[in-house]
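There are 4 protein chains.
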Amino acid sequence: MSTGSNYGKSFTISTWGESHGEAVGVVIDGCPAGLDLSSEDVQIELNKRKPGKSIFSTPRKEDDKAHIISGVFEGKTTGTPISIIVYNNNQKSKDYSEIATYYRPGHADLTYDMKYGFRDYRGGGRSSGRETIGRVAGGAIAKKILSEINIKLTTYARTIGNISIDDNNFNENEIWNNDLCLPDKNRVEKVEKHLLDLIKNGNSCGGIIECKINNIPSGLGEPVFDRLDAELAKSVMSIGSIKGVEIGNGFTAASLTGLENNDFYNYSDDRLIKETNNAGGILGGISDGSQVILRAAVKPTPSIKSTQRTVNKDKNNIDINIKGRHDPIIVPRAVIVVESMVAITLVDMLFRNMNSKMDNIKKLYLD
Amino acid sequence: MSTGSNYGKSFTISTWGESHGEAVGVVIDGCPAGLDLSSEDVQIELNKRKPGKSIFSTPRKEDDKAHIISGVFEGKTTGTPISIIVYNNNQKSKDYSEIATYYRPGHADLTYDMKYGFRDYRGGGRSSGRETIGRVAGGAIAKKILSEINIKLTTYARTIGNISIDDNNFNENEIWNNDLCLPDKNRVEKVEKHLLDLIKNGNSCGGIIECKINNIPSGLGEPVFDRLDAELAKSVMSIGSIKGVEIGNGFTAASLTGLENNDFYNYSDDRLIKETNNAGGILGGISDGSQVILRAAVKPTPSIKSTQRTVNKDKNNIDINIKGRHDPIIVPRAVIVVESMVAITLVDMLFRNMNSKMDNIKKLYLD
Amino acid sequence: MSTGSNYGKSFTISTWGESHGEAVGVVIDGCPAGLDLSSEDVQIELNKRKPGKSIFSTPRKEDDKAHIISGVFEGKTTGTPISIIVYNNNQKSKDYSEIATYYRPGHADLTYDMKYGFRDYRGGGRSSGRETIGRVAGGAIAKKILSEINIKLTTYARTIGNISIDDNNFNENEIWNNDLCLPDKNRVEKVEKHLLDLIKNGNSCGGIIECKINNIPSGLGEPVFDRLDAELAKSVMSIGSIKGVEIGNGFTAASLTGLENNDFYNYSDDRLIKETNNAGGILGGISDGSQVILRAAVKPTPSIKSTQRTVNKDKNNIDINIKGRHDPIIVPRAVIVVESMVAITLVDMLFRNMNSKMDNIKKLYLD
Amino acid sequence: MSTGSNYGKSFTISTWGESHGEAVGVVIDGCPAGLDLSSEDVQIELNKRKPGKSIFSTPRKEDDKAHIISGVFEGKTTGTPISIIVYNNNQKSKDYSEIATYYRPGHADLTYDMKYGFRDYRGGGRSSGRETIGRVAGGAIAKKILSEINIKLTTYARTIGNISIDDNNFNENEIWNNDLCLPDKNRVEKVEKHLLDLIKNGNSCGGIIECKINNIPSGLGEPVFDRLDAELAKSVMSIGSIKGVEIGNGFTAASLTGLENNDFYNYSDDRLIKETNNAGGILGGISDGSQVILRAAVKPTPSIKSTQRTVNKDKNNIDINIKGRHDPIIVPRAVIVVESMVAITLVDMLFRNMNSKMDNIKKLYLD
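Residue numbers (numbering that gives the first Met the number 0), protein chains in the order written: chain A, 0 to 366; chain B, 0 to 366; chain C, 0 to 366; chain D, 0 to 366.
If we strip away everything but chain A, and leave its shape as in the complex, we get (with noise of 0.2 Å):
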């Protein structure tokens, strides 16, 4: 069954497109009728992942424009597929040929030819960044269903190379101020320094991406296998150059002791409360209603200057540098995608738990 490309139960994304085809494109299935929704509002999101905004990430000029062709009638959704599509206008010209004689390290040319016996070698295929476009359009409507009940999703770069924001400086205004989505803007410059180093050395560097979700209902997700944050470690390892992924304290709940790591109750004024959220607001993989806290470890983009050994199809060993401008680092473009991801799976959870009390079948079908 290779039909890896469709995600969601109940709020569905189905991507489409190589790097170089005509054009990459979506269907989003199950989004419910009655939603205000024009390509204006895709396109705002497209423009966040766009390359060509710094210097620090390819200047390939990547004309992303997002075409709604279905689903969307007199400015409202209809309950149908939302087809997007955004064509492929800057791929075509370039060459491809010596791309295609030997395996890139890091990259899938190997992987995707040892599944199929053969790969769509230009630009990396369908294993090209350009895939996540479809992500990120699906992303934008998900994010419009989130916003019409108040959840908030805030995303960004926390860790670049070995720089990490420091979290008293936080402003969340900043993070799309500044070409590296970082939320400190005393981070900004030297996180530049540390990336001008690494072009001049033909290298790159890789980072942190966090991800908090605020105003979640409780009761999201669904046990024992579908819960909220196996769902969300699927849908974010599912990025590519994401390697690992946690929920709340993560990695760090390993070494520390129950007395550490438990969130203790309180009631304050009539609600309850937590003194700590150590489990990033979800319990036995079901929302508790406070703020779900997630890290993914992106790592360096692995298209580098520098020399590196590989082999050719004529089973040489060989040494290769990689021609082109290529980012030094992914996680700036990687902020919405991984945000995306986040909203889509929110959605279908927040669908997937409406039929889990009686009383919310008797609320829709008896009133």
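I should point out that these hints are in silico values taken from the structure, not numbers from a laboratory. Any given hint might turn out to be false.
One copy or two, either will do: identical chains are not told apart, so a pair holds if it fits within one copy or between any two.
With a straight-line Cα cutoff of 20 Å, these simulated EDC-like cross-link-like pairs (lysine to aspartate or glutamate) come out [stated by the list, open to error]:
#, residue 1, residue 2
1, 312, 274
2, 199, 269
3, 211, 73
4, 64, 21
5, 151, 209
6, 189, 39
7, 273, 112
8, 273, 40
9, 322, 40
10, 304, 191
Could you slot chains B, C and D onto chain A? The hints should help.
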């Protein structure tokens, strides 16, 4: 859609049962016909998660006896669903009237109430660790399938408290020779001492489980969402107490450069090899045939004797001391659960990969 | 993907078990919390498919006792999987050595061998009618959910042999008053006589089952593939012995004109009504709130005493006379199975429809 | 879960698009790598459902040109999703202001309003026959896969109005030689005359489509719910206008005796054969390798010129005469749609059957 108790697409397990109901169990669907299978095959694995094997785990005597009651005929699987049941013999007596009145910190008591309006409070009900019996039984069958094509899993405690194994002393044969699933016998005494101290203080600790998959075929994992790493992340994160999952270098990759993290290729004696395996055997979500490495962060046992602050049904803030003897560490009993989920995921991905090429279709239907 | 023993998306049943194994059973997942449920609720439905209730059905004494062993706490469903088991008490003794050597015409003996390489030949194994016990148990729960929102199913034998009921004599209360599930008591004697003749001649007959759904909410059914009629067609056709399914006018519609078949609308006392219901309550795959009507064609019982030609293991052409007493008609016992599958499908579609409008999402999450 | 626009498990199609949107399309996921595929392969099939080919179908000129925009590289499928788009060139101009104000009898106007609160009224929106373009495009690919292992489908009009073909004159080569898809050329003139009469009277008629599958492998179909016949019933019933589906003898089996309906076996020249094929090639939901036969009842075209009674937005009872020229019969254009859905289902079941035996797993992974 509260249907979260089913895992897998081509090879599925559906678990059911509460800690203090009559039984717990699992239905495995998608097991091919013609596999040798007996209850003993399942029992061997269930015994690995048995409590009471040492002073470090709960002394409740559980008699977890596996009964295969369908899907096997004359010692072989028939291709139809395999139902396995384990009766809850020792669960009836205890008094849960107190636990019913308050929310235990770090447990799912609160969230089940939030989601469903009430809960089966006896021993955690569905959120109890006993739910993993079905996973381990399913894993036993998955591992039998994997062994038929020589795939081998090795899973163990990498870190307990803050004590990690020394990879130089790694000995696979030690894993099931000590009650802590430590592959480094030099660490056993030190960890035991640490756990005894925790018990004395009414506290607990977390740790890290590591799983290695050897001899995995290349090509497993479906782009784009159902990647091998994404599926593993979900299946492992779906285990209670797991707060983070990483593949290969994982979170460490976030602090490396591209030059450090990329795995270079070369041909050695006509065999394509990688100089390193920082990617943990997966590129673009697809296995490359080298060892897959996964780590999971386990939180400290939430049930501790130390005084904790919480709230009760009458909305009072209270102090509690959880009675009974509890494991000061979840890791050793969770090792076989992690291995089971990895095995189940692998079989699912093996089956899903079978139609990746037209050649495979022809091989099975034209010969 | 041999995983065909699971049905439903938002409300699912997973059946397991062979005719002559230790037990048969079902796991129901997706049942909302807070529904009153006892084993007796299930038993009442199981008794409707019980054999041995008359001379017309097999005299094997089956003691089909339902045990609910998970998912219910203090008389209410908890939202977690409901596991129901029925032990096969009376199945052990019989000698199946002969049946193992040849293929019974009209049974699945041959195809199971073809698919799996061998088969559990005892009483048909998985392809036995006993497999429907799980469906009926699942249907019992589905019907309880439906009754909470006043949806009502009426299912009965429309035709047995070539004798059909007279709609003018239709009396719903008669259905379970006779062993043939005939809603027309004037036909009972005539059908009984016909069946006695068939028994005498070692033969059997087929028939037609009809199901009506009253008080169904409008809007059920998902375009385009998961239409209500398509889902019903699948769930009913999945019952052994069913060879055809139709909705509303069904095959008769094929011989009508548009003017005859279209249902005209009008407002009567401010209520939108249809002058006729040829469509059987479904347009574009979506319920319109009027009565849904479905009919299923049931083939004649394949196990007959008359001499039949078949082949044995040694590849000889042989004549057989199937021993034992068998129902000369499947219809009466299949009535409750059809009703169960329709009920399960309806609950699934009810739950799947809950997020069709943004207003519903807001109603459940903003109030 | 309003996600009904996706069909299949191991080979899936996701259709999208409205009659009068910018385009309609389909994403096919699960197509193996290495299949030769061009837009022309799809175009040939799309042309079979093209309107305007005779006086009997709507004269709207539709320019249904297939564009494959992903999943194919250098003439071969790559194993990744195949996106096919067909622009709605001729749909823009018409005035739908009137149709927006009332409910057309026999159409989905009312039920879409009921489900979603409003509808895209232009040409039926999502419930338009144009939705089947995606199915036919998916079917084109499915049929290419089937032909690689020599499976062949033959689909045609069996009955139009009340005129049926004479099986003695059956000639497969005639099917696409006349505009009515009749395999019996002696019936063409008679049917044409009947249709002209209907047009004259502003009326329409229904009919029956028959599909035969030759050279199907044995073993296809998963017990218990995902039987081959159940899956076919769903996929065919999901086509608009289909009101009934039957396999083999179908509804006729209901009126036969066991002795008449059972298919006897014998060995002839060492080959196992059946004396008859009343079961239509499926026993216990699994193919036995003989011809599979399916029939579908098609309702008469609901759009007719004759005066019909309905209601309008202002809740008035009104008389309407639907404008424009409409097909007096749906059958000929639906033939290729039925064939497509059968082909898609078959490929899905072929792939799902691949792991039915351990031997198959070993064959693919150990060789």
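Do the hints match the structure? See the list:
1. 312 / 274: The answer is between: 18 Å across copies meets 20 Å, while 59 Å in one copy does not.
2. 199 / 269: Close neither inside one copy (58 Å) nor across copies (36 Å); limit 20 Å.
3. 211 / 73: neither (34 Å within a copy, 38 Å between copies)
4. 64 / 21: both (13 Å within a copy, 16 Å between copies)
5. 151 / 209: within (14 Å within a copy, 35 Å between copies)
6. 189 / 39: Answer is neither: 34 Å inside a copy and 56 Å across each miss the 20 Å cutoff.
7. 273 / 112: Between. Shortest inter-copy distance 16 Å satisfies the 20 Å Cα cut-off; intra-copy 51 Å does not.
8. 273 / 40: neither (36 Å within a copy, 41 Å between copies)
9. 322 / 40: Answer is neither; intra-copy 35 Å and inter-copy 38 Å both fail.
10. 304 / 191: Classified as within: same-chain Cα gap 19 Å, cross-chain 50 Å, threshold 20 Å.
The structure does not agree with the numbered hints 2, 3, 6, 8, 9 stated previously, though it agrees with the rest.
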